[in-house]
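**Student:** Put together the whole structure using the sequences plus the hints.
Sequences listed follow chains Y and B, in order.
With my numbering applied, the first sequence closes on residue 139, and no number is skipped along the way.
With my numbering applied, the second sequence closes on residue 300, and no number is skipped along the way.
Think of the hints as simulated: they come from the structure by calculation, not from any bench.
A virtual CB, placed ideally from N, CA and C, is assigned to each residue, including glycine.
Some hints could be false.
Derived list of chain B stretches under chain Y, where covered just means 3 residues or more per stretch with a C-beta under 8 angstroms from a C-beta of chain Y [unchecked claim]:
| # | segment |
| --- | --- |
| 1 | 177-190 |
| 2 | 194-202 |
| 3 | 275-282 |
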Amino acid sequence: MDITTSVADGVPIYRQIVNQVRYMVASGLLEPGEEIPSIRTLALQLKVTPNTIVKAYGELESAGLIEKRRGAGTYVSDSPSRLASQERNRIIEQRVDALLAEAHQLDFNAEEVLSVFRRRQAIMVKTANVERIDDEKCG
Amino acid sequence: MKSVVEVNGLSRRFGQSLALDDVSFQAAEGLIYGLVGANGAGKTTLIKHLLGLLRAKSGSVRVFGLDPVHSPVEVLTRVGYLSEERDLPEWMRIDELMRYTQAYHPNWDMDYARELLDRFDLPGAKRVKELSKGMRAQVGLVAAVAHRPDLLILDEPSSGLDAVVRLDILDAIVRTVSDDGRTVIFSSHLLDEVERMSDHVTMIHEGRVVVDGTLEEIRHTHQRWSMRFPEPLERAPEIDGALFMEGSGRSWNVIHDGSVEEVRATAALHGGDVVQSRDATLQEIFVAHVGRGKKNAEAA
Chain Y
1 MDITTSVADG VPIYRQIVNQ VRYMVASGLL EPGEEIPSIR TLALQLKVTP NTIVKAYGEL
61 ESAGLIEKRR GAGTYVSDSP SRLASQERNR IIEQRVDALL AEAHQLDFNA EEVLSVFRRR
121 QAIMVKTANV ERIDDEKCG
Chain B
1 MKSVVEVNGL SRRFGQSLAL DDVSFQAAEG LIYGLVGANG AGKTTLIKHL LGLLRAKSGS
61 VRVFGLDPVH SPVEVLTRVG YLSEERDLPE WMRIDELMRY TQAYHPNWDM DYARELLDRF
121 DLPGAKRVKE LSKGMRAQVG LVAAVAHRPD LLILDEPSSG LDAVVRLDIL DAIVRTVSDD
181 GRTVIFSSHL LDEVERMSDH VTMIHEGRVV VDGTLEEIRH THQRWSMRFP EPLERAPEID
241 GALFMEGSGR SWNVIHDGSV EEVRATAALH GGDVVQSRDA TLQEIFVAHV GRGKKNAEAA
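**Tutor:** In structure tokens form, the structure reads like this:
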């Protein structure tokens, strides 16, 4: 499980782990029923106190995203699809909230934000097409 | 949780200077304790009391419920210790040193010692005096953990080591608590290491415990408030209980362990307001208590 942690940005390490596992489940990087590392393994990998992993896994377990199987390790829940879609919504909502807060600070109204959104999206689609054409030429 | 270390009201004087001033410290089973403080703050003096190398003049020290000065054998057979100086017998070969250390420890785990020596690539025939700084730390580490001590004490284990050996040491700490539910106390001046590895942080400054708690508690009780003022201020506004102030012009930040009302009231005196607050980082808390910022805040 590819998790990176940093003490620089002030977010507690257990919270960074929770957020990254949530994201991996929501995006399908972790699949239903997939085994995740034991507390010891992840603590050794990330060089953090094992109790940090205990806390992160505890929170993920109460959220229903992972489950412990007796004497057999920890797994992504078998039916996280409903949760995964909730997670996808939650992640995108957080981004939108941050964008709206920033827009408010800079005195943009919702309509103006939407028009910027569409303009940027159009540019992004165009660039993606150009890249694809370039790829085809190269290939 | 079972208590492993109980220090109460410990004071220690070396000549004129007070090395420890009414220090209390507890450690419970299965947790990692980080001791932080500037050089000479008193961390090593505290550790030496836990090992019975110094006798408590006032106050009490108990390890596994015993006085380490009166019951050195009972205490030290259950303790692993890596000193900052890594004072190993220079003339011994690594394998001799291992046998010598083993003789003091009935619980010595030969397989574990061999596994670690192999992993660190330490040849048994090599003499201690021929070892690099990193290798000495690794040998010291094997000697400290191979009897699977109930309490592992590391005094500045990372000091002067390269990143690879530092990771070996962090590995040994994680293994000690996760494999056997044992207790680790380590002192360090590397705050990111302390932040990652500690369940509980004790900050010592000039012989006194200035901060003590879980990392979460500590960060939550120390808030960093950002203030904005309508007019630029030439000097930092005076705020009762401020541990640290920084800023200029219309923006000033304060590290404070009191209530928001105190900060807000002071800001209001200058027509300003608190615009943002967040938990302070360990780095900020350390600088606030130990660094020059403390003196600046007091002088302001």
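**Student:** State for each hint whether it applies.
**Tutor:** Hint check results:
1. As drawn, the segment 177-190 of chain B meets chain Y at 3 residues by the rule of a beta-carbon pair under 8 angstroms; at three or more, the given contact holds.
2. Counting residues of the segment 194-202 of chain B whose C-beta sits closer than 8 angstroms to any C-beta of chain Y gives 5, which meets the bar of three, so the coverage hint holds.
3. For the segment 275-282 of chain B, the assignment as covered by chain Y holds, since 4 residues bring a beta-carbon within under 8 angstroms of that chain's beta-carbons and 3 suffice.
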